Amino acid sequence: MNDPLQQIVPALQVNYRFRELKVMRRQPMTISTERGRKKIRIWDDEPLLKRHISWRRQLSGGRFFVDRMYATQSGRLFVPVGRFFLTCHDAPRVPASLSGNEAIWADVCAALITGIRDAADDPQRSVLEQADRTFSEADRAGLLSGEEGVLARKSYPTVRKRAELADRLRSAYRKSGRRVILPEDVSLRKSKALLGTVFIELGQSRPVPGCRAFARFFLEWMKEGGTDSIGRLFSHLKKMNVPDRETSDLIRAEWYEPDEWFRFLENLAHLPNETSERKAVESFETARDRKNRLIRLFDTFFRPSGTITESG
Amino acid sequence: MEDREDFQIQRILFQYDLVPRRLWNRGSVLKVETSAGFFALKRKKMTDRQVDRVYSVYPLIRSLVIDAVGPLPSKYGDLVVGDEAYRYYLMPWFEETVPESDLEARYRHLFHKAGELHRQTMREGKGTDGLYRSAFQMVATRYTDWEQFLNMTEHHLYPSPFEQMVMSYSGQALGLFQHALGYFSERAGLNDDASDDRPRRALCHGRLSPLHLLIEGEKRYLTNFEEAREDFFIIETAALMEQACSVLPPAQTPWQDLLSAYFSACPLNEAETNFLFHFLLWPRTILGLMDQYRDKERSELWYTRRFQRLSRGHRRMINQLQTFIEQKRKEKQKSRDKEEKKNE
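Those sequence lines, one after another, are chains A and B.
1 is the number of the first residue of the first sequence in my numbering; add one for each residue after it.
313 is the number of the first residue of the second sequence in my numbering; add one for each residue after it.
Treat the hints with care, since some could be wrong.
A short, non-exhaustive set of chain B residues, derived as facing chain A with CB atoms under 10 Å [said to hold, decoys possible]:
#1 Asp318
#2 Arg323
#3 Pro385
#4 Asp414
#5 Gly487
#6 Leu488
Below, in silico cross-link-like pairs of lysine-lysine (PhoX-like), each with a Cα-Cα straight-line distance of 20 Å or less [unchecked claim]:
#7 Lys50/A to Lys387/B
#8 Lys387/B to Lys39/A
#9 Lys640/B to Lys650/B
#10 Lys654/B to Lys644/B
#11 Lys223/A to Lys192/A
#12 Lys356/B to Lys343/B
Hints are computed from structural coordinates only; laboratory data are not their basis.
The structure presented is a predicted model; accordingly, all values stated were derived computationally and were not measured.
Note that the Cβ used here is the ideal one computed from N, Cα and C, for glycine as well.
Here chain A stands alone, though its shape is the one from the complex:
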């Protein structure tokens, strides 16, 4: 079979007028050119590609960069090659820092939260049922007897309460049509620094509800930047009236979901020695406490819905 690069490289050279082009990496494809390093994306789903083009256009013009598609010589934003489409993007390398850049990051979050709204597949699932099922299975397997098992068992009532809260928050917005969406592979934490601002990559995957990515990002921020820094981020966001009530409730739902407990139970069966047992307990307790601290902090900036609170 022919090497696909034999088709791709000349197509890139002709359409983007690169005089020098060297393939640096194949997956994800990165090239070096006389105009710097570029990332090449290969698409097989044209409607998805067009959706991505439109999202990036919506987000352009702000104080930050988005990995927009380069225009070809003929002005198109992609190059058809056989049944595939190529797009060319900037590829900066320096990771963006969080602390000290709260204002820029608030712009990024606000633009993503207010800018891209659409219907997205959100499979209905009950976290409470998952918690009950996981608990019963672990109990039947005799995993809840040791020291770690007892900790998991003792946490169960709180886990149930949080799972119930997550379910209630989500069910309140189940019928909502246009919600925050983000491509599934987006990771804001992996954004890059470029010319005094942030460069975010929207990737190329299908859209999913975006609150999960935000919840994860804020947790990562809490871990790396600390409470003061994320407090500054929330303060900037609050001045911008972002996030709206629905989005903040759905972000809370992500945090209420006791995934650290699920992970802990899953690990119980595979803990070979005392060190790994201690590590598992530590990791569970740290994640749980961080989440609790973050929820409390978040609630001081963005008041939770009157009817849905942890106290019931």
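Keeping the supplied structure of chain A fixed, place chain B upon it in accordance with the hints.
Chain B only, in chain A's frame:
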């Protein structure tokens, strides 16, 4: 990450894959030196409507091969970049050979380029009836404004020097108004759409100005098309003449050169010629000055001097236009006679 000012320019240029080596502030533009050459980066406040206009007009201009300089596309295909606060666009840099202060030379080039723009985008225009009607309404409204100013001054026990000037000029001015009104009212009653001789439409620049023209040696390019639209171009021609009349010194304005420059690039038909003459006949710029006088933001001396300058300039413009038109008609007649003789 720091949001420094030089980063802002670098961020704009990054969207063109350009890295600035040196920057110079040149009035409203930034001259940028890069490894790919020199560029002009323009920063301005633009409405969404103006941005949309840029996207619709420049492709048209490029396809018509008009000597115009438009924004270069960014690597993402944008003609205008930036945010709501400021928009930027990048153009090739021109080392201008005619200084901005040499207005006479710049107007000569501008009249020619405006003629070329109108000629190259010209098409038959419908709705001339509406054109005459709105011209009539405009003249009628301004006629009333003039009368109101007179009524006001008549109630002053001691009219100011400026008011006295207006009063003594009014006989002549109102006569010109009536002449124009008679012409537009007559034409508004005729349905000209079937006639061959009627005003035509063309792409109008919208902001013709000697500073929106780049001149480098023999090359001349129009720029700043963000207000461009299709319209009866004769209105823009009239506006350009009025602008030159109020900017250039009245006694030395080379009207025959300016008119030749425009008419050689864009020959007008009889209807357009007559429209132009009658549209310029009433002293619009003086009315503008009378409007300003009500606010009295400047000294009496300034208003009287300005009045003298504008009235002298307007009189000379009309005389020169009339001479030019008559000369053109004579030339036309001569060539027609010659043609007839040849056919006999």
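Hints versus structure:
The interface hint given for Asp318/B is met, as the beta carbon of that residue sits about 9 Å from the closest beta carbon of chain A, less than 10 Å. A cut of 10 Å between beta carbons decides the hint on Arg323/B: the least distance to chain A is about 5 Å, and the hint holds. Look at Pro385/B: its Cβ gets to within about 6 Å of chain A, closer than 10 Å, so that hint holds up. With 10 Å as the threshold, the beta carbon of Asp414/B stays out of range of chain A, its nearest partner Cβ sitting at about 38 Å, so the hint is violated.
Using the Cβ-Cβ criterion of 10 Å, the hint placing Gly487/B at the interface with chain A is not satisfied: the shortest such distance is roughly 55 Å. Interface hint status for Leu488/B: violated, as the beta-carbon distance to the closest one in chain A is roughly 50 Å, over 10 Å. The hinted pair formed by Lys50/A and Lys387/B meets the criterion: a straight-line CA distance of about 18 Å does not exceed 20 Å. A threshold of 20 Å between alpha carbons decides the hint, and for Lys387/B with Lys39/A the separation of about 14 Å falls inside it, so the pair holds.
For the suggested pair Lys640/B and Lys650/B, the alpha carbons sit about 15 Å apart, so the restraint of at most 20 Å is met. Between the alpha carbons of Lys654/B and Lys644/B the distance comes to roughly 15 Å, so the proposed pair stays at or under 20 Å and holds. Using a Cα cut-off of 20 Å, the hinted pair Lys223/A and Lys192/A holds, with the two alpha carbons roughly 19 Å apart. Of the supplied pair hints, the one linking Lys356/B and Lys343/B holds, its CA atoms being roughly 15 Å apart against a limit of 20 Å.
When held up to the earlier numbered hints, the structure conflicts with 4, 5 and 6 and fits the remainder.
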